[in-house]
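Student: Produce the entire structure from the sequences given, and follow the hints as far as they go.
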Amino acid sequence: MAEFRMPSLGADMEAGTLVEWLVKPGDQVKRGDIIAVVETQKGAIEIENFEPGTVEKILVEVGTKVPVGTPLAMIRAEGEPATSIAAPVQSPTPAGAPPRPLEPKAPAPAPTPAPAPEAEAEERLRISPAARRLAEQHGIDVSTLSGNGADGAILLGDVERMIAEPKIEGARGRGFDLAAMRQAIAAAMARSKREIPHYYLAQPIEMTACQDWLASVNAKLPPDQRLLLGALLVKAVARAARTFPAFNGFYRDGAFKPAPSVHVGMAIAIRGGGLIAPAIHDADGLSLDALMTEMRELVGRVRSGRIRSSEMADPTITVSSLGERGVEQLYGIIYPPQVAIVGFGKVAPSPWIADGKVVARPVINATLAADHRVTDGHAGALFLSEIETLLQEPETL
Amino acid sequence: MMLQQKAESQAIETTYREAIREAIRDALKRDERVFLMGEDVGRYGGCYAVTKGLLAEFGPERIRDTPLSESGFTGAGIGAAIGGLRPIVEVMTVNFSLLALDQILNTAATIRHMSGNQFGVPLVIRMATGAGRQLAAQHSHSLEGWYAHIPGIKVLAPATVEDARGMLWTALEDPDPVLIFEHVMLYNMTGTLASDAGPVDIGKAAIRREGKDISLITYGGSLWKTIDAATALAAEGIEAEVVDLRTLRPLDDATIMASVHKTHRAVIVDEGWRTGSLAAEISARIVEQAFFDLDAAIGRVCSEEVPIPYPRHLEEAAIPQVPKIIAAAKTALAGG
Amino acid sequence: MAATDKPRLSRAHVLELLKHMIRIRHFEDKCAELYTQEKIRGFLHLYDGEEAVAVGVIPVLKACDRVVATYREHGHALVRGVPMKAALAEMYGKQEGCSHGRGGSMHLFDRATNFYGGNAIVGGGLPLAIGLALADRMRGSDSITACFFGEGAVAEGEFHESANLAALWSLPVLFVCENNRYAMGTALALSESETDIQHKAACYHLASEAVDGMDVVAVEAAARRAVAAIRETGKPYFLECRTYRFRPHSMFDAQLYRDKTEIESWRAKGPIRRFRAWLEQNNLLHPEDLARIEAEVAAEIDEAVAFAEAAKWEPIEQLTRYVYAEQTARDQPANDVATKS
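Protein chains in written order, with my numbering: chain A, 1 to 397; chain B, 1 to 336; chain C, 1 to 341.
Because the hints were derived from the structure by calculation, they are not lab data. Hints are not guaranteed to be accurate.
Claimed, not checked - Chain C side only, calculated, beta carbon under 7 Å to chain A, not exhaustive: (1) H26; (2) E33; (3) R41; (4) G42; (5) A218; (6) M251; (7) L256; (8) Y257; (9) D259.
To be verified - Beta-carbon label-pair distances, calculated as ranges: (10) P307(B) to D142(C): 44 to 52 Å; (11) L68(B) to E326(C): 52 to 60 Å; (12) A44(A) to Q318(C): 36 to 44 Å; (13) I34(A) to D40(B): 57 to 65 Å; (14) R274(B) to E326(C): 49 to 57 Å; (15) A290(A) to A235(B): 51 to 59 Å; (16) P307(B) to S146(A): 19 to 27 Å; (17) R274(B) to G63(A): 52 to 60 Å; (18) A44(A) to Q289(B): 29 to 37 Å; (19) G157(A) to I207(B): 22 to 30 Å.
Stated by the list, open to error - Covered stretches of chain B (in silico footprint by chain C; criterion: 3 or more residues with CB under 8 Å from a CB of chain C, positions within the stretch not fixed): (20) 68–79; (21) 236–242.
C-beta atoms are modelled at their ideal positions from N, C-alpha and C, and glycine is treated no differently.
Tutor: What follows is the structure, encoded as structure tokens:
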């Protein structure tokens, strides 16, 4: 039994309306006979039959519009017995349909060296692609830049100037542009508070072991080589950061990436109102002596304005100590894109419970401000706890 | 005019026109399959005097005057190329080529593909192009960009005497149709050519002037204006790199991107009308391939949106000029 | 080998002529069927009624001669020797098609048989033919170029340019105008101030004549005259073949522009019907001949359909090939299996 289907008569024909049957069931038809008339957008077209035989049944009535391929009638070939009529079949897809066009390849991702730091929420940062790329390569947070291009656009030159080492002291002696620095700090701190959900933990730490050990070590050293408490604090934080990598790295573009190295940023105040937190690289691996030397040297360079921008840009965690100033606790603001800042207050004699009795011991308050997108209180507590533990055995730092 | 002297590798003074004539003579002598046909190429000596003297030297079969039948004789060139010859069809100007556009696009550019690679068309079509002689709206088009749109053909724009001399032979050896555009303002240009100058490559752009501050990308009749602009910019401490595209299809992306990678800024100078120009295509490619090298938006200096006017001052204002190129360069240097 | 002036109507020859025409008719019929089933897509222009023109002219040509045709070229391709399998696979769009599947029904090309398309711009093939003939003239070759086109092309400027160039330059072109009276839906009288086409050609100083395009023997005779003249004088010749198209212009045509009775009256004097009648009257055709012819044709068509169905789609990765010449050695497309007829 053959199906006589609505033919395709043109590439843009999708359907046709049957307007006339020229045969009826029982009629003999041969190949080439015109057996129906179909109305299309171009007019009425006679359609021909290709299967010889007898018209068995009309499936579509006059006046019906059907898509191309719909069976219109059944034609029984000669000699074929009359069979029960199969339900009209869906128009099949032609066997061996041509392959679908390949999914267009996703365009190759634009070659960004590193994901750009998130732009400010309110307005789009006007920065040229080349400038953005250079800034990223040097770890410079573009939101801290100001530009000299049209409409304040940040251009390559602006970033290049930021990177180039500023001229050595010379006649002026003033190494930093404090106004610009305050602007940058303002932008960074505002952004931090806007974007980073901080949580805060505090941990008082008993410092007897540290003080005793320092005293014994320093007794044998000349004054300019003596170890300061700060070195112990930085080292302890660095080693703890090694153990708890979720506090050591960068949060960018919605994801945290732990840093392979521990570069501890040391917050250093600058006379005149500046604040800077350059990195001590690989602090977890430095001996205390080496660490102390670096810290001294860093402070020295800061005082004379000779810090490199890259040193400002690559700390993976920051330590801020205001002990000398006399505060008990310091709650820091994380420097984006870092995810933690550890603060230390002053070491002061404080009530402490030992063996069930209240005694006076030197205690320092360590605080942690951390990015709740990356860690939570439990992890933070473990981290601070680790710092405390390390500071009980200073000789192992 | 002096042409081929006997002295070896001596430089000779010649003109763009003479260089082309010499290229045609050379081709006719080298390969008996080569012949040239077009309107007024024989007895008249060529509308721009390019073929002057060639009829006497090579005869009417090989320097063939045609009736005013652009479609007919361009199609005949296609058929002759398929039939085994190497014709050079001279369409007097790109303005008249529109009558032959059907043959160029629907036969020459497509027959290889339609026939499943059975038939190629090794045909060269030369045309004069461009504005600057106050020839008004119907005789001043720059449609190279339109032709560069078509897959299946190659499009050349020689802007130096060396390229005028050397591109023709390479084009004749190409198995696919090649269109060569000769800017009308270049015919009288003088230049120096090695006396044994020969074929040059097609397909590579050339750095005509090195610089580090901005890439000025151009072709054809606009090249020399662009070089003048670069010279003026240098006096102000701006070092512009001038890229002569030489071939408009296929474009030499590698050279363009290397230049932009170096300079971070680009201005494209194109005598076609700005909308839908070849400059737009190049700009898009730079964005696609060198986005992170850019320090400024890509500039374009093109013809204004007007049919080319007749009076001199308006014609000059309608097409790219040195001051506009300089201004566009400075805009880019200021960050766009 | 000079073409003789008159057709030699041996039994073998006449049966061959009949078979050629029946082969074309049934092939076109099968194409119509396949089109309604969406196996063939795009545009389809069928040759029913005009078979005598291609069959009368093309076998008179030599293998080294060239043939340029239009988008209604299936008949010309088949008579010229393009294998039916390759032609049908081409219409399916398969890579074993004679144009690698890239062209479809309107763009059948075959290098092996000097078949230059398959040109879909009305009048577009004429300058191409001029060029082919020009090359042959300039190379001193014996080949002539036969260029088939409909009477609609006569309105295009390219016809006039080409006629002029052919006469002016004395090019060995055989212009064959298949005047089927309708350019798509426009009757000749509605588009030409001068409807006597061979007269138009004569005005360009082309040797020209008109012939009954429904009579395959008359067409052959005229073709022989024309080809002999071209080979002898080197000058072009123009043949207007007056014929009729039984089917619509293309598949999707409601034929609002002509009367059904007109079509029927032409069918009654169609080329196959007439020739058969004449052959039977003259005892040149016996029933078993016809049965054999039809069986052979049916078998060949079935084989071609099976071939086309089984043939392969070209991989999409190859999309941008065949735009420019390729440096590497050319792949061997399936049309290399073509055998010369």
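Student: All the hints need checking, so say for each whether the structure fits it.
Tutor: Here is what the structure says about each hint:
1. H26: Not OK, violated: H26(C) not within 7 Å of chain A, min 10 Å.
2. E33: With Cβ-Cβ at 4 Å, under 7 Å, it holds.
3. R41: Hint holds; R41(C) Cβ to chain A Cβ min 6 Å, cut 7 Å.
4. G42: Since the shortest Cβ distance to chain A is 6 Å, the answer is holds.
5. A218: Where the cut-off is 7 Å and the nearest Cβ of chain A is about 27 Å from A218(C), the hint is violated.
6. M251: Holds, about 5 Å.
7. L256: holds (5 Å)
8. Y257: For Y257(C), the interface hint is violated, since the closest Cβ of chain A sits about 10 Å away, which is over 7 Å.
9. D259: Violated, because the Cβ-Cβ distance from D259(C) to chain A comes to roughly 14 Å (cut-off 7 Å).
10. P307(B) to D142(C): 44 to 52 Å: holds (50 Å)
11. L68(B) to E326(C): 52 to 60 Å: Given about 37 Å between the Cβ atoms, the range is violated.
12. A44(A) to Q318(C): 36 to 44 Å: holds (42 Å)
13. I34(A) to D40(B): 57 to 65 Å: holds (59 Å)
14. R274(B) to E326(C): 49 to 57 Å: Since the Cβ atoms of R274(B) and E326(C) sit about 36 Å apart, the hinted range of 49 to 57 Å is violated.
15. A290(A) to A235(B): 51 to 59 Å: With a Cβ separation near 55 Å, A290(A) and A235(B) satisfy 51 to 59 Å, so the hint holds.
16. P307(B) to S146(A): 19 to 27 Å: violated (47 Å)
17. R274(B) to G63(A): 52 to 60 Å: holds (56 Å)
18. A44(A) to Q289(B): 29 to 37 Å: violated (55 Å)
19. G157(A) to I207(B): 22 to 30 Å: This hint holds: roughly 24 Å between Cβ atoms.
20. 68–79: holds (count 10)
21. 236–242: Check failed, 0 qualifying residues.
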